[in-house]
Structures are given as C-alpha cells and as structure tokens.
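These protein sequence lines are chains F and S, in that order. The numbering of the first sequence is numbering that gives the first Met the number 0, which starts it at 0 and goes up by one. The numbering of the second sequence is numbering that gives the first Met the number 0, which starts it at 0 and goes up by one.
If you are wondering where the hints come from, they were derived from the structure by calculation, not from laboratory data. Don't take each hint at face value.
[To be verified] Here are the simulated lysine to any residue pairs, SDA-like style, with alpha carbons at most 25 angstroms apart: (1) LYS8/S x TRP108/F; (2) LYS66/S x VAL41/F; (3) LYS30/F x LEU99/S.
[Said to hold, decoys possible] A few chain F residues facing chain S, derived, Cβ under 7 angstroms: (4) ILE80; (5) LEU82; (6) PHE134; (7) LEU137; (8) ALA223.
Glycine included, every Cβ here is placed at the ideal spot set by N, Cα and C.
Each chain, letter by letter, is given below.
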Amino acid sequence: MSHEYVPEIAVDREGKEHAVQGWQDDLYGAKLGFWLFMFTEVLMFGAMFMALTYYYTLHHDDFLIASSSLNRVLGGTNTVILLFSALTMGLGLLKMKHGDVKGAKLMIWATIILATAFLVIKGFEWTAEYQHGIFLGLDALQAGNEHSKPFGQILFFGMYFTMTGIHGFHILLGIGIMFWLLMRINSGKVSPEHYILHFNIALYWDLVHLIWVFVFPYYYMIGAGLTGGAH
Amino acid sequence: MSTETKTYKEEYAGYWKVLAGLLLLTALTFIQPHYFLENATFAVQMLIGTVKAWLILMYYMHLKGEKEIIMFTYFSLFIVLTFFVIVIGVDVANIQFADLNHITSGDAAAAASETHGAAHAEPAHH
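Could you build all of it, start to finish, from the sequences and the hints given here?
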C-alpha cells in the first residue's frame, strides 16, 4: 500500500544506524491528543453555558419569554437530524474498522447530507427570526430605542445567535473535514488498517452533537411551558 | 472470523440501541414541560441532557472502559465547577444591582412573578 510504513534511519556520530520511532499507528496517542483538543472546545462552550446560566438567574422571566418565542419544531427537527448523523458517522467508522470501505464512504456521505440539512433548517430559522426583527444588530436587540426588547431578552437572543452561530460554524467545519476524509479514503491513506483519522473525525462529530444536546433544551425548551405547545 | 462477525453485529446493534434511547429521551424533552414537573423545567431538561450526553460519551465516543480519560474529565469538571462556584459566589455576594435582582430583592421578585403571569396570559410569538 502507498502508506506502508518505511522506518526512517538516523545515523549517529559513530556512523551507526538507528531506526527512528514511527507513530503512524499510535491509536492511543492520536486519540488522547484529539481529546485534549476537544477539551479546549468544551472549555469554550462551557464558559458560554456558564455565562448563560448566570444571566438566566438574573433575568429569569425574560429568558423564559424569549425562549417561548423560538421555533421548537425546527429546533427539534435539527435535534433528530443530529441524532441520526451521529449514528451514520458511528456506523461508518464501524464499517471501516471491519473492512467495508464502500459502506463507510456511504455512511460519511449520509452524514454530510444530514449536516447540510441541519444548516439549511438553521438558515430558514434565522431568516424567519430576521424577518420578525430579531437578529444581532437590529433595533429589537439594541438597548435604548422604542423597539428595544427588555434587557434580559437582549442578552438571551445575543447569546442564542452567538452560540448557535458558533455551533453552526462547527457543523460547517465538520462537513469540510468529512470531505477531506473521503479524499484520504480514496487515496488509500485511510483504510481498515489505518483509520485513526476517521476515528478522530467521528469523535469531533460526536462532540458537535454533544454540544447541541445542551444548546437545544437551554434555548428552546426552558420556556416551552409558557405557550402551551410547540409551534 | 466468526468472532469478528459477531462483534460487528453486536456493535452495529449497540449503535441502534443507543439511538433508540436518545430518541426516547428527546421525546421526553418535548413532553416534560407540558405534562410533568412543569415547575422544574430547567432542572429536568438539564438532567435529560446529561443522560443523553452520558450515552453519547460512553457509547458513541467510546469512553466506556477508558478510565484515564474519564478520570481526567471528572478532574477537569471538578476544577471548572469549583472555580465557577467560587467566582459566581463572590460576584453574587457583592452584586451591584441587588435591589433589581429577583433573587436578592423581595420587590423585584414580586414584579418578576407578575411578569411571569403576564407571560402565561400573552406569550411572545414571532
């Protein structure tokens, strides 16, 4: 295979040859390194969730009212889409590990399609919110004018657009690295014998899903009881 | 070979079982605010989210059996939560807007509950 490991040889001052240690198949090291990266992601989103919790205690009622106005049907649909995308990503990795490269590629394509559907739905949702005058920079979310929403709601929507925006950016990045993964599989650099990259990208996708698991109830569900039903 | 096939089948079935669990919990997320523990929606939603996160971490992210990473996670969580509780605790103890806060001010609490009542009567839609 093109990626077969050929040990590099280093020569010392006495002219003796030594094989340089290769790390190509260090699954544990690659996994641990990627987990360290993911901890930085958790710290970033964790800080935002903490800020959100703090503001929620200060502006409890404004948060509930603002939450009740979000579209839970679209938010819920995106939740289910991400659930299935985590499944397809996991099944893809499983198929790769067991030698079914074609099946693995199909599952990655399915994940890309689901991720794109998520972004399209999020786009519709943001467009509807913009048309209702709720978006970063519009009067409703600026303090000190006649259209201003209460301060707590300005905070809520500010954090909502920031967090769902950053999450959406992660989805976009995920689609990009899944295309890259497909290219690596096609070139034979990711295979049933060397699937570390596939493993880590699946981990990344699960992290993106994991963040949504908390974003969804935090924004969409805490005020669900106010309206008497999803709309 | 047969063992490998069995392992594949078991893992394959495991993924679907976890999906079923996650879908069930998602359904619970939608039902809860309208049918039970309506006064504790935030806490219940976070609890459901935590159970879902646990399923994802253990089975989809393959952490089951990874004792070192789990210990590292608990340690990090402990550090962050400790920091959060101390920093927020100091901040709340010295809050500038104590009289405007619905927790620290009795008047504001009453006003907040009125707003809450109004929210029930006339929910915000867009």
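Q: Hold the hint about LEU82/F up to the distance rule: shortest CB distance to chain S must be less than 7 angstroms.
A: holds (5 angstroms)
Q) Between LYS8/S and TRP108/F, does the CA-CA distance stay at or below 25 angstroms? A) Cα-Cα ~22 angstroms, so holds.
Q. Was the hint right that PHE134/F lines chain S, CB cutoff 7 angstroms?
A. Constraint on PHE134/F not satisfied, violated at 11 angstroms.
Q. Taking 25 angstroms as the top limit, are the C-alpha atoms of LYS30/F and LEU99/S close enough?
A. At roughly 49 angstroms apart (the allowed maximum being 25 angstroms), LEU99/S and LYS30/F break the hint.
(Q) For a C-alpha distance cap of 25 angstroms, please report whether LYS66/S and VAL41/F respect it. (A) Measuring from Cα to Cα gives roughly 19 angstroms; hence the hint holds.
Q) Given LEU137/F was flagged as interface, is its beta-carbon under 7 angstroms from a beta-carbon of chain S? A) violated (12 angstroms)
**Q.** Interface restraint verdict for ALA223/F against chain S (beta-carbon cut-off 7 angstroms)
**A.** OK, holds: ALA223/F within 7 angstroms of chain S, min 4 angstroms.
(Q) Interface hint check: ILE80/F, Cβ to nearest Cβ on chain S, cutoff 7 angstroms. Holds or violated? (A) violated (11 angstroms)
Hints 3, 4, 6, 7 from the earlier list are contradicted by this structure; the remaining hints agree with it.
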